[in-house]
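> Spelled out, the chains give:
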Amino acid sequence: MTDQDLDALYQEIILDHYKNPHHKGLREPFEAEVHHVNPTCGDEVTLRVHLDGDLVSDVSYDSVGCSISQASASVMTDLVIGRKVDEALAIHQEFLTLMQGRGTVEPDEDVLEDGIAFAGVAKFPARVKCALLSWMAWKDATATAAAAEPVETKESNR
Amino acid sequence: MSRLPGLLPELEVIRKDFPILERALAGGNPLVYLDSANTSQKPQVVIDTMVDHLERHNANVARAMHQLGAEASEAFESARDKVAAFINAPSRDEVVFTKNASEALNLVANTLAWATGDLAIGEGDEVVITEMEHHSNIVPWQLLTERKGATLRWFGLTDDGHLDLSNIDELVNERTKVVSLTWVSNMLGTVNPVAEIARRAHEVGAVVVVDASQAAPQLPVDVVASGADLLAFTGHKVVGPTGIGVLWGKREVLDQLPPFLGGGEMIETVRMERSTYAGIPHKFEAGTPPIVEAVGLGAAVDYLSAVGMEAIHAHEQAVTGYALEGLATVPGLTVLGPLDATQRGGAISFEIEGVHPHDVAQVLDSRGIAVRAGHHCAKPAHARFGVQSSTRMSSYLYTTPTEIDALVEGLEYTRSYFKVG
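Going down the list, the protein sequences come from chains A and B. Mind the numbering: the first sequence is residues 15 to 172 in this note's numbering, read in order. Mind the numbering: the second sequence is residues 160 to 580 in this note's numbering, read in order.
If we strip away everything but chain A, and leave its shape as in the complex, we get:
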C-alpha cells in the first residue's frame, strides 16, 4: 500500500463524518433495535429504526469503532432518513455493490452522495466489513420494524 492508497481510503469526507458524526445517539420512538458486532475486530453498533408507514422516519445509533465504521454510519443515516423504505433499500444495495466491487465499481454520486467517498475502502478487503457494519444493522432493524408494522398501514400508504 502506498500513501496514495491511504489517501484514497481516508477521504476528507470520511474524516469529517468521523469527527462530527450525523444523527448519532439513541432516540425514541423506534420499532426495532438491533446490536451488531464485527467479531474480528470488536466494532459494535446499537441501532434503532423508526418507521412511519413506509417512510424511514428516524435512524439513531450508538457505536464504537474505527473511522471507517463511524463515518459509514453517519453517511448511512444521511442517506436513508426521510426516504421511503424501498428507496432506502435500493440505496443500501447500491452501497453494498460498491463495497463488494473490489474497487472496480464506479459510484453514482446522485444516489450515494457522501457515500462515494467509500469507493477507496472497497480496495481494502479487511476494511469492507467496517464500512458495512451499520448498513447491515440498518437493514436488519428495518426488516424487523417493517414486520412489526400493521399490514393495513403499509397497504394504505402505498
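Everything labelled a hint here was simulated from the structure, so no lab data went into it. By construction, the Cβ of each residue, glycine as well, lies at the ideal position given by its N, Cα and C atoms. Please note: incorrect hints may appear among the correct ones.
Said to hold, decoys possible - Covered by chain A, according to a simulated footprint, are these stretches of chain B (three or more residues, beta-carbon under 8 Å): (1) 519 to 528; (2) 531 to 543.
As the list claims (entries may be wrong) - Below, computed lysine-lysine pairings styled on DSSO-like, alpha-carbon distance capped at 30 Å: (3) A:38 / B:258; (4) B:307 / B:538; (5) A:153 / B:538; (6) A:143 / B:578; (7) B:258 / A:143.
Given chain A, work out where chain B should sit, using these hints.
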C-alpha cells in the same frame, strides 16, 4: 546509536536466517514486522527441514512398514524428543502433539469433563481462571463449568495490569478443581507468578493448567519448575509452522485423563464391543498427526535452543524496554499493562487518543509496519481497562531498535495524518 545492552550479539546474522525479513512491501517499504505475538516468522532451517521431509522422507507414521515409514516415524518421534528437551520435560511420553494451543486447552477441558475419580468435576466444584486470559483459555472452561454445573471464577486485575492476588486464599479453596492461567499475557504482556499460584492450587489439590503460548517463545521454560500439571503452547509462535501445538502433562495426570478423540493410533486393541487404549502420548493423538509440522517444530525449537532462550529473553527485554521508552514520547499514547520491561513480555498494547486502533494499524501498514489492531482475542482484559480495542506491537529475536524507531515515527505520522493534537 550506541548498542542496547542485552541485544543478541549476532542480531544481523539472525535476521539473515529469516528470509521474509528481506521482503519489500508495496511502495518499496521494507517490512517492519512487529506482530510476532500473533505469529512468528520462520527461519530458513525450519523451511528447509520441512521441504526436505516432504521431498525425501514422506510417509505415514507408526503404521507404514517400509523404509520411508521408518524414516517418517523417526523424524516425527525425534521432534517429540526435541520438544521434550526444549521444555525440560521429565519424559518424552509426556509431550502430546495437538493442532495448536487452543486444541491442547480444549483437550484438557474436555477430558476433565469426562474424567472420573479424583479429577471428576461436578456441581459445587470451582474452576479458576484470570481476567487476562486469551479467549482460548476462557471459553473451554465456560463450556466445562456450564456442562458440569460447576462454577467459573477468576482472578481480577490491578490497575497496572498485574493479577490481583489479594484474595488468592479465598478464590483458590477446597472446592477448586482446576486453576488455569496464562504465563505471559498476549495483550498486557504481564508475566504472571505461575509457580506461586501453582503452590496455592496444589495446597487445595487443584490441577494447574498453564497457557504458555506467549511464554514458550520468549522465556526459558522448565515445566517442572513452573509448577504446572499441564502446559500448552503452539508451534507457530516459536518460529515453527502452523498446524502443530503441544500439550505437556505430568504422566500421572495424563494417565488419569480419559481419551479425547477416538480413532487410529490412540488404541491398543479394538473389538466391536469396546476398545482399550494406547499409553501416553498416543492415547491423545488419534488419526494421522501433523507429521511435517511436528518435524518443522522440532527444527524450530532446536534453532531457538541454539541461539539460547536466556539470550532471547534478554533480547526481548532490551527491545521491550527500548519500545516502552519510545512509546512514552508519543503524545496521547497510553500503554496497557506493566511499564517495567523486566516484569513483562514483548507484546505491548496501547491506545492513542483520538485515533482508533484499526486506523493506526492501517497508517502503519502504509509504511510497511505490521502490528495488530483489535481485541487480540482478549475482550475481557480490554473491558477491564475500559477500552474496546487496542494496537499491539510485539517483537521477537529478530527485532531491531531501528524497527522500534520506525514504529515511533510511524505513530507520530499517524497522529499528524488524523490531525490529532
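> Okay, which hints does this one fail, numbers in order?
Per hint list: single violation, 3.
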